[in-house]
Amino acid sequence: MTTHRDAEHEPWEELAAGYALHALEPDEEMTFSAHLETCARCREVLDEHALVAAQLGALAQDSDAHAPSWRSIRSGIVAPDAEGPAVSPPAIASLEEQRAVRRRQPRLLAAAAGVALLTGAALAVWQFSGSSPQSGAAAAIASCHDTPACHVIGLDGKAVVLADGDQARVISRGLPARSTGHVYALWQMPTHGRPVLLTVLDSLSEAEASPPAGLVLPYRDTSAFALSVEPAGARPSQPTQVVAVGNATA
Amino acid sequence: MKPAALEDAALLARVAEGDEAAIESIYERYGGACFALARRILNDTQLAEDVVQQVFLAMWQGSGYDSRRGAVSTWLLSVTHHKAVDAVRREGTRRKRLAGEQALLEIAAAGPGPDDEVWAHLRAQRTRDALRVLPAEQREVVLLAYYGGYTQREIADLTGLPLGTVKSRTLTALRRLREQLGGISETRPEEGRPA
Ligand SMILES: [Zn+2]
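Sequence lines, in order, name chains A and B. The letter at position 147 of the first sequence is residue 136 when you use my numbering, and the numbering goes up by one with no holes. For any residue, its number in my numbering is found by taking its place in the second sequence, counting from 1, and adding 445.
Careful: at least some of the hints might be erroneous.
Pulled from the structure, derived: some chain A residues nowhere near chain B, Cβ distances all over 12 Å [said to hold, decoys possible]: (1) E(-3); (2) H171; (3) H181; (4) V218; (5) A239.
Beyond 12 Å from chain B on every Cβ pair, some chain A residues (computed) [claimed, not checked]: (6) L10; (7) P57; (8) T180; (9) S192; (10) E219.
Quick partial rundown of chain A residues pointing at chain B, CB under 10 Å, derived from the structure [as the list claims (entries may be wrong)]: (11) P0; (12) E2; (13) A12; (14) E14; (15) V41; (16) Q44; (17) G46; (18) Q156; (19) P220; (20) G222.
In short, the hints are calculated from the structure, not lab data. Glycine residues also receive a C-beta, built at the ideal position from the N, C-alpha and C atoms.
Just chain A, same shape as in the assembly (with noise of 0.2 Å):
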């Protein structure tokens, strides 16, 4: 098969090749997913591809970089509390809010510094400029004004919502920050079809955006985002009732 590339079979290994680097968008990455449970050939470029990553992965290593002793963190793992896992996506996205302020977009200097290490290769293509760092929901917002795959969507001025991707994060202008017995629940409305609830929120800040909650449908698939009260406790299956819409932009 390394001889024999079929020109109709090239876009899924470009997927693959994508797939294996973690680097598609969602929709791609649902679309390859099920490609691969009925392709070998896929199934075997990709672990090629694979190995090659894990080898790229390889040259991270630092002689200064220790690891923490399965002591410190064998709690965390095997002895879970009552409550659930001692980690969870959740606890680590609300660790990132709290530190997205000042460790600011690392990756720019990751991607940069792997070049510099491992092949002496040229940064030029990768200096960008950059304002000075804000904080909080202005911050946010003026971040996703300068990011091209960040929409910034008002709900009838009473919220915005930062479409950046595949997430999706509110910040409140004007809205009770928390009713007793109800929380906000943020819609992504498609294009066709019914409302699909992204996240649950207990209280809204003006100050900070929410956390992120992930699109369940691509952004472009979007017709617009809403806010609705819903009873605190209950996962709603459609909103209840609405308090701020704003269409999606393109």
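Since chain A is already given, all that's left is putting chain B with the ligand on it; use the hints.
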């Protein structure tokens, strides 16, 4: 399978039975590699520790590892990469950042680890050489994705390249790397280094 892979498979079977000593052995063997990768992507020690904990928690809770699909080390690095990339994408701020010379110098000074570490079997030097001979534009798309955590669509935005070009370059680059690295086994050096 090579001895190391057999050992790993045996350890994993014990992990599936809830044997803590077995997962500790796997951690001792590969935890450092996973941590180094997560830290390089996240540029944050605490977040990297969180990612490594998630990776081994996933293994403890039933991993989804399939021995037909490659070595345990490959799988662990892939899961670590995926979780680290997810974490970096959850960041609220996506402002493009100037990669300051000082910060680059600090990271470059750290340099690669000693060759006797457990995952030197991945032949870091040969991988570096293979990267070095890639055309720069191919190296760029691969490293922005792998170490930058960018999606291919984001890379197209960053570089101004058409998305299709990013995709085809990435595939070409991985094929070339695969050819360069093709003969490399996944055994550990003390057991698998050819004479
Ligand atoms: Zn296929």
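We went through each hint and held it up to the structure:
1. E(-3): At about 15 Å from chain B, A:E(-3) clears the 12 Å cut-off, so the statement holds.
2. H171: holds (25 Å)
3. H181: holds (23 Å)
4. V218: holds (25 Å)
5. A239: At about 15 Å from chain B, A:A239 clears the 12 Å cut-off, so the statement holds.
6. L10: Incorrect as stated: the minimum Cβ-Cβ distance to chain B is 4 Å, not above 12 Å.
7. P57: Per Cβ check, A:P57 is inside 12 Å of chain B; nearest 5 Å; violated.
8. T180: Its Cβ never comes within 12 Å of chain B, the nearest being 20 Å, so this holds.
9. S192: Correct as stated: the minimum Cβ-Cβ distance to chain B is 17 Å, above 12 Å.
10. E219: The assertion about A:E219 holds, with a minimum of 24 Å to chain B.
11. P0: holds (8 Å)
12. E2: Interface hint status for A:E2: holds (6 Å vs cutoff 10 Å).
13. A12: holds (4 Å)
14. E14: Holds, because the Cβ-Cβ distance from A:E14 to chain B comes to roughly 6 Å (cut-off 10 Å).
15. V41: Interface hint status for A:V41: holds (5 Å vs cutoff 10 Å).
16. Q44: For A:Q44, the interface hint holds, since the closest Cβ of chain B sits about 5 Å away, which is under 10 Å.
17. G46: Where the cut-off is 10 Å and the nearest Cβ of chain B is about 4 Å from A:G46, the hint holds.
18. Q156: holds (7 Å)
19. P220: At 28 Å from the nearest chain B Cβ, A:P220 fails the 10 Å test, so the hint is violated.
20. G222: violated (26 Å)
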